[in-house]
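Asks: Just so you know, the protein sequences line up as chains A and B, in that order.
So for the first sequence, numbering that gives the first Met the number 0 puts the first residue at 0; every next one is plus one.
So for the second sequence, numbering that gives the first Met the number 0 puts the first residue at 0; every next one is plus one.
Hints are computed from structural coordinates only; laboratory data are not their basis.
Possibly wrong hints are sitting among the right ones.
For chains that are exact copies, the list does not tell them apart, and a pair is met inside one copy or across any two.
[As the list claims (entries may be wrong)] Below, in silico cross-link-like pairs of lysine to aspartate or glutamate (DMTMM-like), each with a Cα-Cα straight-line distance of 20 Å or less:
1. K155 <-> D85
2. K60 <-> E420
3. K488 <-> E585
4. K509 <-> E474
5. K509 <-> D328
6. K60 <-> E421
7. K381 <-> E420
8. K187 <-> D269
9. K509 <-> D34
10. K155 <-> E78
11. K462 <-> E474
12. K155 <-> D201
13. K488 <-> E582
14. K462 <-> E543
15. K319 <-> E593
16. K509 <-> E585
17. K7 <-> E593
18. K222 <-> E286
19. K222 <-> E164
Protein chains: 2
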Amino acid sequence: MSYVAPVKDMLFNIEHLANIEQIAQLPGFEDAGLDTAQAVLEESAKFTEGVLAPLNWEGDKNPSSWKDGVVTATPGFKEAFKQFTDGGWQGLQHPTDFGGQGLPKTIGAACGEMVNSANMSFALCPLLSDGAIEALLTAGSDELKATYLENLVSGKWTGTMNLTEPQAGSDLAMVRSRAEPQTDGTYKVFGTKIFITWGEHDMAENIVHLVLARVTGAPEGVKGISLFVCPKFMVNKDGSLGARNDVHCVSIEHKMGIKASPTAVLQYGDHGGAVGYLVGQENRGLEYMFIMMNAARYGVGVQGIAIAERAYQKAVQFSKDRVQSRPVDGSIAASAPIIHHPDVKRMLMTMRAYTEGCRALASVGASAYDAAHHHPDADTRKQNQAFYEYMVPLIKGYSTEMSLEVTSLGVQVHGGMGFIEETGAAQYYRDAKILTIYEGTTAIQANDLVGRKTARDGGQTAKGIAAQIETTEAELAASGSAHALAVAKRLKAARLAFIDVVDFVAGNTKASPNAVFAGSVPYLMLAGNLMAGWQLARALLVAEKQIAAGNDAPFMQAKITTARFYADHLLSKAGGLRDSIVEGAESVTALALEAF
Amino acid sequence: MSYVAPVKDMLFNIEHLANIEQIAQLPGFEDAGLDTAQAVLEESAKFTEGVLAPLNWEGDKNPSSWKDGVVTATPGFKEAFKQFTDGGWQGLQHPTDFGGQGLPKTIGAACGEMVNSANMSFALCPLLSDGAIEALLTAGSDELKATYLENLVSGKWTGTMNLTEPQAGSDLAMVRSRAEPQTDGTYKVFGTKIFITWGEHDMAENIVHLVLARVTGAPEGVKGISLFVCPKFMVNKDGSLGARNDVHCVSIEHKMGIKASPTAVLQYGDHGGAVGYLVGQENRGLEYMFIMMNAARYGVGVQGIAIAERAYQKAVQFSKDRVQSRPVDGSIAASAPIIHHPDVKRMLMTMRAYTEGCRALASVGASAYDAAHHHPDADTRKQNQAFYEYMVPLIKGYSTEMSLEVTSLGVQVHGGMGFIEETGAAQYYRDAKILTIYEGTTAIQANDLVGRKTARDGGQTAKGIAAQIETTEAELAASGSAHALAVAKRLKAARLAFIDVVDFVAGNTKASPNAVFAGSVPYLMLAGNLMAGWQLARALLVAEKQIAAGNDAPFMQAKITTARFYADHLLSKAGGLRDSIVEGAESVTALALEAF
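Excised from the complex, chain A in its bound form (with noise of 0.2 Å):
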């Protein structure tokens, strides 16, 4: 089997950290606890690893392919998309009244990570579909709701996001596509969008793309931008499919990576105008276009943790299946597998350790995602906000930095097999790289997490979570045990370090941005090392106890190692960090402009 979904450690985390018990007791959640994540996560753990992952290596030789404006997926995608929708996978998180499961995030995300480890081309249709869901339950008007929802959720339809144009990538505020106000109330849109993600495909009768577009007249800049709803096909009154639209595929691009996924360049209106039909009112389009965004950022960065979980699993099987050399302890008196080789066991728990590490922070954000949409108390649905949204950059960015250098480990691990594409590990080292780019790169993170999450409050948030953190550093004196002791010294001095940081940030944010802007990515990745570190912390006293009580002892060690293994190799990287950061600022902007 190329990939086995990590049930056990996505319900540890579910159970333990995102204490899935207290979500199934929120409105809404009553049949959401545990017993239901066990079942939900084995069907998903089944579908994923006999349907999706053999699919994976044959989207990469064969990718999706444009003739004459039609993409034709992969072959076997086609087939395997029906699977997924026929399993009301599509559905998982969004609202029964639509056709959902009105599933937790909590366990969506668990099940997110397994299709996107079993085939990330294939996951990003699902994903671009969730975005367009989320953007039209929140501000579609109730007959958009009506003609789109219930087949989006099937995935009897799928959905895009349309923002990017040739000069318009990070900078939305270039956006030029226009959309003349028809007397019908509809709109005409015209104009070229790039980078589409399952743009144009033969998975799904219709395709539902939610495009950004200036209404004749608009203000300049992001003021002006509004959000459409541009079907392929139109849909009649009765839910039946009508003429073509006027958007068509002009070309797919030949990428590095997730060959299988298209990227469609999108032509709106060369025959007279596409129709298109206004989302919520004008010039909020990028309000709700966010509200995507913010869903698909979650979700890229999972994309992070499930290429690293599948290179991860392919690493580990090579390493006790090729024979090189005798261990340097003499413990072996013969050529043995590498994985009895120290600097190979270090890749691995390096490996290892990103990930759990990652998918812990995820576990939790997502549960307070939950808590703060259906918790009835609004300053515990605020505070969870204000926690998920301080996470959501940390998760987009670090699992996605840290997926680089897992694939790139990867592929180091298999030595010169790794280079040679027939292994696979090549391509998660290729697919990967689009994650730390798409939805925002790491730098567009960065600035989200100086600016609305650090800056604006002064820092409160940030130093709200550090409080937390201090909490389980106590914890982890009281247990008292060496590893416990070990991992509360590496997980202080990373917080101590993270304080500093924010209050560098908070306090310079408008006097000195430069110097601010130079450190926000390294801010994130020290933000983001010391939130999975902490996790595992946390996860490092609840395997104490478990194995005090008796259980699943090996599994349970092997979370203490793992989370030893972080704080003394990857927490230990702060303190450098924060030197970067707040001592070293003016190096970053100096060189004069000619010199580079």
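Model the placement of chain B on the given structure of chain A, informed by the hints.
Replies: Quick look at chain B alone, frame taken from chain A:
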């Protein structure tokens, strides 16, 4: 122009850090002063920029191809290789006795960087020939030298290294290819060799394979390996080519990068045995192979620098062209080229500092090599040899690991465009990944660093270098400028971290090999980081003096800023690495095998 050779930076290193005028006083290098260096580098720049660089992307799109045992290089490569050999570039560093130019490595390495920046796939062919030449010069009989060297040095023929077999990668003890002695003093060679770079191609008239194999009855393990020359075509007494030898290319690999460089599977002896000529003595093959390997390891380190430079140049160009968003400091009231954004500057400065630091280190290493081989004083030769040998695993390991980060940042600077193959940034990212693997993975370099270069002399060489670094710190303190003091602070901290690690390694390799080798790669990264940062600190001191003397202030100021950036942002990682190595060994090897 897609590549502009950094001649100025190279000459700065050659003049001020590698002290070319001292090398020009060594016997044999009388004509190799700064003027010669400048003339050679400028000629090399013209050739690599104009001829080799434009073929780089073509090689990725249109890789070398195999059909019926014949490998055809990417269109244009054969003609370019003819120009390369006509220009005398293959013989740059080789003895004048065999038609070479006999220039010092200090000059040759800079030219090698250019060839690799321009076209890494192409550059591998002469790099492998260099190794074959070195081995024959050192261990070949007069007859072998007379038969092969002149044509290898001219580039009329090319050379290869045949080590790897499917079961024998890092572990050469497992080599199974065998050689049967013949009555005429030749051998018949049988076996399968894989991963043979430029193992078959159409760019040269003949290919001289250097092959590891076991003579019938030889001892097991590495002590029973001999080295043979197996030419593709037999060479007649008069030097003309004779019959085809029984070595055939049965396939080439489908790789993630360096696609124009054919990676061959070579089959020896399927039709009666390939004629082989023993190099040196039986059973000493590994020793001779290490001559090739050590030359090649230094060369691969230079490849890391080379591809980092190319990625940097591309990223700088894009960031000056691409307009997105307003600068955070309000200095421009409209969307601006992205180089105005602090995080883009951080990425470019990181790329630049790594590249310049590793280039300076390689230049100083080359200078030590020249002194070790040409200095009239035996003690001076010995000191330089020890210095060079300590640096080789760092130049190979650190420069190639840094090239992964630099080429990844290169893609990142391009945003979404970086993931599109036509942009070209992705090629560098894919190409670079082989560098940490071939000619010994980073872990193999780290084994060398720990075992032969540190533990064997109880850390004396390492400590001696640390003492030299302390002298540089004193010079920085004496300068007293803010930049010099800031760099001195980081350099001292990194040196102290390094000494802790050297003590740990020297003190524990025998008693606790697992603990030491768990930190071997982090030790290599710390040592490489320190040595590169040290060279930039020396460069800062030179630059301050040059500015005081009124020489080229803009270049010198940029060198100071880059050195400062290196110290603030890269040397600052040293403390975390020290903690990981010295305090974190236990958690690397603690996990039970079945828990992976």
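Asks: Evaluate each hint against the coordinates.
Replies: Hint check:
1. K155 <-> D85: within (9 Å within a copy, 65 Å between copies)
2. K60 <-> E420: both (9 Å within a copy, 16 Å between copies)
3. K488 <-> E585: between (31 Å within a copy, 16 Å between copies)
4. K509 <-> E474: Neither: 37 Å inside a copy, 38 Å across copies.
5. K509 <-> D328: The answer is between: 9 Å across copies meets 20 Å, while 56 Å in one copy does not.
6. K60 <-> E421: The answer is both: 9 Å in one copy and 18 Å across copies each meet 20 Å.
7. K381 <-> E420: Answer is neither; intra-copy 48 Å and inter-copy 44 Å both fail.
8. K187 <-> D269: Result: close within a single copy only, 11 Å intra versus 71 Å inter.
9. K509 <-> D34: neither (49 Å within a copy, 52 Å between copies)
10. K155 <-> E78: Within. Shortest intra-copy distance 13 Å satisfies the 20 Å Cα cut-off; inter-copy 56 Å does not.
11. K462 <-> E474: Answer is within: at 19 Å inside a copy they meet the 20 Å cutoff, but 42 Å across does not.
12. K155 <-> D201: within (12 Å within a copy, 54 Å between copies)
13. K488 <-> E582: Classified as between: cross-chain Cα gap 12 Å, same-chain 23 Å, threshold 20 Å.
14. K462 <-> E543: neither (28 Å within a copy, 43 Å between copies)
15. K319 <-> E593: For K319 and E593, the Cα distance is within 20 Å only across copies (10 Å; inside one copy 52 Å).
16. K509 <-> E585: Within one copy only: 16 Å inside a chain, 45 Å across chains, cut-off 20 Å.
17. K7 <-> E593: For K7 and E593, the Cα distance is within 20 Å only across copies (15 Å; inside one copy 55 Å).
18. K222 <-> E286: within (10 Å within a copy, 71 Å between copies)
19. K222 <-> E164: within (17 Å within a copy, 63 Å between copies)
Checked against the numbered hints given earlier, the structure breaks hints 4, 7, 9 and 14 and satisfies all the rest.
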